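A.B. asks: Sequence:
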Amino acid sequence: MMAEQTLTGQQTVSTPDFASSGLRKKTRRWKNHAAHVLFLLAALFGLVVLMILLADIIHRGWAWLTPDFFDNYASRFPSRSGIKAALWGSVTVMTVTAPLTFVLGVSTAVYLEEYAGKGWLSSLIRINISNLAGVPSIVFGMLGLTLFVRGMELGRSVLAGALTLTLLVLPVVIVAAGEAIAGVPDMLRHAAYALGATRWQAICRVVLPYAFPGILTGTILALSRALGETAPLIMIGTATYLAFTPSSLMDEFTVLPLQIYNWIAQPKEEFRFLAAAGIIVMLGLLLSMNAFAIWIRNKYRR
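Mapping the sequence shown onto my numbering, position 109 (from 1) lands on 109, and the numbers just tick up by one.
Note that these hints are calculated values from the structure, not bench results.
Because the structure is a prediction, the values reported are computed rather than measured.
Ideal Cβ positions, reconstructed from N, Cα and C, are used throughout, including at glycine.
Watch out, some of these pointers could steer you wrong.
[To be verified] Computed beta-carbon distance windows for the label pairs: (1) S107 to H33: 18 to 24 Å; (2) L188 to Y241: 51 to 57 Å; (3) M51 to G134: 26 to 32 Å; (4) A182 to S79: 52 to 58 Å; (5) E179 to N32: 28 to 34 Å; (6) C204 to E269: 53 to 59 Å.
Based on the sequences and whatever the hints tell you, model everything.
C.D. replies: Take a look at the structure:
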């Protein structure tokens, strides 16, 4: 837009419309402030709802976090009921799931990013892995029931549950690890090759240490999802009541989400308080996992 035109010989000198330009700047500034306020309100709304839920859970379940609660098995009497079998079952299953998920996920991501190249086959594999990351968890439960429980005849064991959860979170770990590896600058790889390193040496000593914080973050988030899953374990027939803790990979087990679900379904009001106490324990496990991940990530960043 032009406000004035001054002719000097054959040359035309244009002067911008400063009033209109200032109005546009004010409009953009107002839109920026409005978006900032809107996003802030959305974040505060989610935070307030979360704090209300946490306050209600802590208020209901804190008084039930006694030593007997951690030492007793589930019972039909609320005063005698505890979380021992479910807690040890969750810890045992995650102890098997975590290394399987990390090794298989990172190995697959390394192959896709460092060895497979950009061909149609690798693109097809990446697309399928990304699609698997969005598949409902109940589908993985059906797959675990068919493949591990019945096909491999593992029964309702710790190993069958761990393998099912590994299938569930493996696509998420592969995608996260692949993004972290792809974010490593190529100049670091070229520098390693210039010093005489082989491709495998460059991957082990340069690429993976640089990408490890991102890989670990994705792995911990995936394992946090696995810790809170219920549907796949219901599909493979995981018990909701056990009076013992698993001592081997072939023993039956139960987990915290199933125990909490079972307590919620009970008619007595006291079981609601037990469920709240179980949620507090599960949140403690999740926060401990996240704190460990943050510590490892900061260590490798330094």
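A.B. asks: All the hints need checking, so say for each whether the structure fits it.
C.D. replies: How the hints compare with the structure:
Distance hint for S107 and H33: a CB-CB separation of about 48 Å, inconsistent with the stated range 18 to 24 Å. Range check, L188 to Y241: about 54 Å between beta-carbon atoms, so the 51 to 57 Å window is met. Roughly 30 Å separates the CB atoms of M51 and G134, a value that falls within the hinted 26 to 32 Å. Hint check: A182 to S79, Cβ distance near 55 Å, so the stated range 52 to 58 Å holds.
Checked against the hint of 28 to 34 Å, the C-beta distance between E179 and N32 comes to roughly 29 Å, which is consistent with it. A beta carbon spacing of about 56 Å between C204 and E269 agrees with the range 53 to 59 Å that was offered as a hint.
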